[in-house]
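Listed below, chain by chain, are the residues.
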Amino acid sequence: MKASVTLLAVSLAANLGLLGWFAMRSKETPTASQPPAVAAAGKSADAAAKSGPSALTGEAFATLSPAQFRDRLRASGLPENIVQRLVVERINRAVNVRRQELLAEAMKSAPPWRLAALRTDRLSVLTPAQRKELLDLETEARDQILRLLGPSQLDREGNIAFKYGFVSPEKAVLLDALVRDYENMGAQAKEESRFLKTPADRERDKFLRAEQDRDLAALLTPEEREAFELRASTTALNSAFQARIAAFQPTEAEYRALFALQKAADERAAAGIRPGEPAIPPRPPGNVMGATMISMSGSSQVSDDAARAALGETRFAEWQEALMPHFQTLARQAATNAISRETVKAVSALLTETTNTSWQIASDQTMDVAQKKAAMVDLAATTRTQVTAKLGASVAEPYLKSIRWFEGISAGTAVQVNGNTTYFRSVETPVRPLPPGGGARG
Amino acid sequence: MLMKPSTLFLSVSLVANLAGGWWLLRDQSSRAPAPAVVGQPTAATVAASADQSLPGKTSVVEAPKAPLTLEAYRDQLLAAGLPPEVVRAAIRALIEEPRLARQREIYAVTARQPWWQGGIVYQNVTPEQNAELQELRKAERAEILRVLGPAGLVADADRERYAYLSADKAEKLALLERETTERRRGEPGLPAAELQERQRQATADYERELAEILTPEERALLAERESNTARTLGNRFEFFAATDQEYRQLYDLQKAFDEKFSGSLTASIGTEASRARSDAMQQLSADIQAAFTPERYAAYLQSQRPEYRALLELQRRFSVPQAAFDQAARVHASVSAEAQRIADDSALSREDKRASLIDLAERARNGMRSALGQELGNTFITATSSNWIDLLERGSVYAAQPTGGMSTRNVAGGQPVPPPPPAPPPKS
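Just so you know, the sequences run in chain order H and E.
Note that my numbering has the first sequence beginning at 1, numbered continuously upward.
Note that my numbering has the second sequence beginning at 1, numbered continuously upward.
Some hints could be false.
[Stated by the list, open to error] Restraint ranges, calculated between C-beta atoms of paired labels, are given here: (1) N366/E - R256/H: 46 to 52 Å; (2) E170/H - E207/E: 36 to 42 Å; (3) P128/H - E212/E: 37 to 43 Å; (4) R231/E - D304/H: 43 to 49 Å; (5) E207/E - K345/H: 28 to 34 Å; (6) D136/H - A256/E: 28 to 34 Å; (7) A104/H - D279/E: 42 to 48 Å; (8) P199/H - D352/E: 45 to 51 Å; (9) P199/H - A276/E: 46 to 52 Å.
[As the list claims (entries may be wrong)] Only pairs whose alpha carbons sit at most 30 Å apart, straight line, appear in this in silico DSSO-like list of lysine-lysine: (10) K108/H - K169/E; (11) K138/E - K172/E; (12) K108/H - K255/E; (13) K169/E - K401/H; (14) K108/H - K138/E; (15) K373/H - K260/E.
[Claimed, not checked] Negatives, chain E to chain H, calculated, CB over 12 Å: (16) E132; (17) K172; (18) R200; (19) A204; (20) E238; (21) Q283; (22) A298; (23) L301; (24) A324; (25) R330; (26) A337.
If you're looking for bench data, these hints aren't it; they were derived computationally from the structure.
Every value quoted in this text rests on a predicted model; they were computed, and no experiment measured them.
Ideal Cβ positions, reconstructed from N, Cα and C, are used throughout, including at glycine.
Given the sequences, and given the hints that come with them, work out the whole structure.
See the structure below:
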């Protein structure tokens, strides 16, 4: 064959190929009224619909079981993370739809004062039975997500892994589910007995605790179980206990000892065993105009005697110090503001000294009211300067502002802090002479 | 000069080859994947980070395709007919993933700190880590807005909360709330005065923008449901069957107080500000009393007391007949009034008061047993969370305050007794 004929044949074949490609390409070209992505998606969805098992459609979302829908999504070629989110949405659909139905109905008839609670509790207008229905649906959805997709979609924020870092991620999600189930049941029981707790209610609480213990024992190894007790049980998560622990900075051995005492106190409180008398620390001498109870109630607080025996005198004194709100506040800020432990203790001691001096000034029978007021103003100013020198203005200013009693000193209100109880008195209140022997209650 | 037909035909064919080849090259280059937005996550990058080892995986995603943009995935899912809110949730989750992945890393590091020194309740995130997460959150918001529009930032909870507004307004309001929260938040180390100024400005901006979104009537509705005033009253009205008029009257009184004193809620005890607040609170109490008839005021106060609420709970749980309930409620009201009278009686000595209160406690027990029957009466007496009758016996008298809460007096000179615990929050 001549070269020109061969060239012509090849050229014609190439043109035919190009024509074929253009013909196919023109079918995919979006119309002017459709953005390219939508058009492409539309074609792809059409194709998927025709291809049966891999069709991704709204109908598939609404009608297929979550497992079938997941398989359909995977067959359609979507990336796995989109598949997972869509399956989660599919599973949660039933809860969302039911919640919206119940809320819409309840909001029609709820009085305005009940609607206000929606801000903090989106289900507040529902009846206990409706709330239970939703909780059951949520539990079912969570179990299904775990079964179909594994743990990652249930802990996207990383909070569960943080809280239950002593077990594997899979077990952590199961543990979280178990704990939340019992919390939900407990919350429901508590809701039903908010103001009236009968012996039967106490029995039910006891039964729930025993059941939870049994389930925990089945899920966790003995070592994991111990770690759960120390780090994630109700006692461990008692916020007042943890605030004091964070301020006290115990060794692990000290923590274990204090935990055991706290657990015993919690169990006494749960059993309804009341202490002989409320644990109010002794009032300072003189007239007292008011006391503010802060933090834990007497019945669930570690007893001083037991703590002293466990810690020894020196550390017990620090344990006592760690109960004071102004100490706890500063200890909390220490880590994020690079404040040393020594500084925290020094500032706390300075503030405690300030309160003692304020009480002495208010009780001083040799000064008149004007002199006392002036002394209080001086006292507050001196303390402010000293605290600022130790912490720096940017930490000292908001810190002193956060102490409810500090500014009151310069306004003539004396303060006495005993553990977690704070007493106040005005310098204008006449001083009552102490009875012989002193130490009178105000 | 004329070409031979065969040469002409070959030339035309070759030109067509060249034109077709050029077109092919141009089209291929135009179909290349869209470049990722700098600093922003894309579906492709997010897809690459996803964990592929999953339980129950029955079919495998086909050979890697050219990654699509987030918008393309969005459009593909919408075109397939998936509900828009589902598509939004899925795409939003993709956009959130880089920030969440970093957050998980940070939490994993904080979890390694000595757990016995606190830090098991909250993650002790450093200011730098916090700032990093805030930056990522900011970028994430911008990307959500770009890909999904404002609707992408609005959660189901927001839509349900603002269901009384149009969908459009509900979205705008939810966004405004979120932005205001962001604006009010200070960076670590920000001087207190600057933070205060920032918060003041954020509040002023919020009010201005709110007025642009909502009509005055809608704003009133919002305040009625969302304000602190409404929440305060919500607790007080939980067990009081108020009329609309009663609620409005108390709402207006409380609102006037809150507007004037909300800033001094945390004022240091003993300062002028806290004294002024305390005086105004007394005035508010008097105004609330004046807003009711004497009978309704007594019913309002009674409904604040934990033991009365326990009585209502008893009625609900044990189907107490209405007549028995009414009788028990009368016993409760009369015992409470008598306890106050004894506490206020300056002619009585401490010992007399103590003896009278012990008698009164016994009368309360008998009255309840007589109204409710022996069994339910005993249940009420022993199971009431406030321990009301025992407190009487110990010389402690407490009164419900019209502004909420209780005040307690120990009139018999015994050990001071703390007031009954405040009512627990209605829901967990």
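Does the structure break any of the earlier hints, and which numbers would those be?
2, 4, 5, 6, 8, 13, 14 and 20
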